[in-house]
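Peer 1: Just so you know, the sequences run in chain order A and B.
Quick note on the numbering used here: the first sequence kicks off at 1 and runs consecutively.
Quick note on the numbering used here: the second sequence kicks off at 1 and runs consecutively.
Certain hints may be false.
Stated by the list, open to error - Rough simulated footprint, nothing fancy, chain B against chain A, three-plus residues with beta-carbon under 8 Å:
hint, segment
1, 35 to 42
2, 151 to 163
Claimed, not checked - The calculated DSBU-like cross-link candidates involving lysine-lysine, where the alpha carbons are at most 35 Å apart (straight line), are:
hint, chain 1, residue 1, chain 2, residue 2
3, B, K70, B, K80
4, B, K24, A, K139
5, B, K18, A, K124
Hints in this document: simulated from the structure, not taken from any laboratory.
Please read all numbers here as calculations on a predicted model, not as lab measurements.
Cβ atoms here follow ideal geometry from the backbone N, Cα and C, with glycine treated the same way.
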Amino acid sequence: MSAVDYLLHLADNALVLGQRNAEWCGHGPVLEEDIALANVSLDLIGQARLLYQLVAGRQGGGATEDKLAYFRDTQEFRNYTLLELPHHGPLSGYAKAGLDYATTIVRNFLYSALMALLWEALEKSADADLAAIAAKSLKEVRYHLRHSRDWLVRLGDGTDESHARTQAALDHLLPYTQEFWAGSPAESAAIAADIGVDPNTLKSDWDTIVDAALAEATLQRPPLGGYVPEGKQGIHSEHLGYLLAEMQSLARAHPNGAW
Amino acid sequence: MTTALKEWPLWEVFIRSKQGLEHKHCGSLHAADAAQALDMARDVYTRRQEGVSIWVVESKAITASNPDDKGELFDPAADKIYRHPTFYEIPDEVGHM
Chain A
1 MSAVDYLLHL ADNALVLGQR NAEWCGHGPV LEEDIALANV SLDLIGQARL LYQLVAGRQG
61 GGATEDKLAY FRDTQEFRNY TLLELPHHGP LSGYAKAGLD YATTIVRNFL YSALMALLWE
121 ALEKSADADL AAIAAKSLKE VRYHLRHSRD WLVRLGDGTD ESHARTQAAL DHLLPYTQEF
181 WAGSPAESAA IAADIGVDPN TLKSDWDTIV DAALAEATLQ RPPLGGYVPE GKQGIHSEHL
241 GYLLAEMQSL ARAHPNGAW
Chain B
1 MTTALKEWPL WEVFIRSKQG LEHKHCGSLH AADAAQALDM ARDVYTRRQE GVSIWVVESK
61 AITASNPDDK GELFDPAADK IYRHPTFYEI PDEVGHM
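Chain A extracted, bound-state conformation:
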């Protein structure tokens, strides 16, 4: 494991969540939200591109951002499992069973709260290229946090229906955040090289952000426990394969195509 794997982890997080959120494009609950969420997706895909370009440059041997995004398979992706889950609860059938906005918002909130802290810490990375990407991404993710937190409070402290759906989404998704703190060989290598940040140094700040928002939203923090996902080590849920199949199909049907 090397620091390049850490960059891939950051890039895959951004790409997979960007692709997931893009599923709302044209299906948003209102026009304004449709555009807002597409903006979030484009920010994330922009972050992924910068990181993949950095990785490709360092790997050499003909690596490109497109090859990294479109020609790696499920087990080579290093994103958190949380980010590949579909926009609905665990027992809703197949991935397109229904798009639940509460699930979308809770996930974006939990991830943005982490990234607002992580990108800020990575601004001081010994890797100057990564520090520059962190500075750009920090501004973007602060808005993502503002957007998702605002909706979290509105939905949680909203109608009985919106409260129940947001609480259900939180109960479903919060256990997946245990992966944030679990550590991985790639993170250890990056921390040792002073390139990456130990996520456990961010945990108490993350808890503060999450608990304050949940209190405002009148939501109960569910207990943790159970399986700790290992997406960042390439062990994914069944959902990532479908997401990649849709995202990669065009590039794989027309290899070396340019558009």
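With chain A held as given, fit chain B onto it using these hints.
Peer 2: Frame of chain A; chain B shown alone:
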């Protein structure tokens, strides 16, 4: 908890561009309240770097003149060209004005 709205009110959006001094009306959107209208205006109307500042105002707060009154309101100004400062000779030293 407040009463749930069946429909969101309409808001008018004003954006000040980097070069401009004034906020210009650029469109409208639906939002639940002022804070949300501001965020949505950012997402809908400033995606191409149009602005550095946003105002939103609920559309119903605007009192507009009646188009039917156009004649009595605006036509009387039509023949008073002396109100335009176009009859002054500008000295060359002033340059472009």
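Peer 1: Okay, which hints does this one fail, numbers in order?
Peer 2: Structure breaks no hint.
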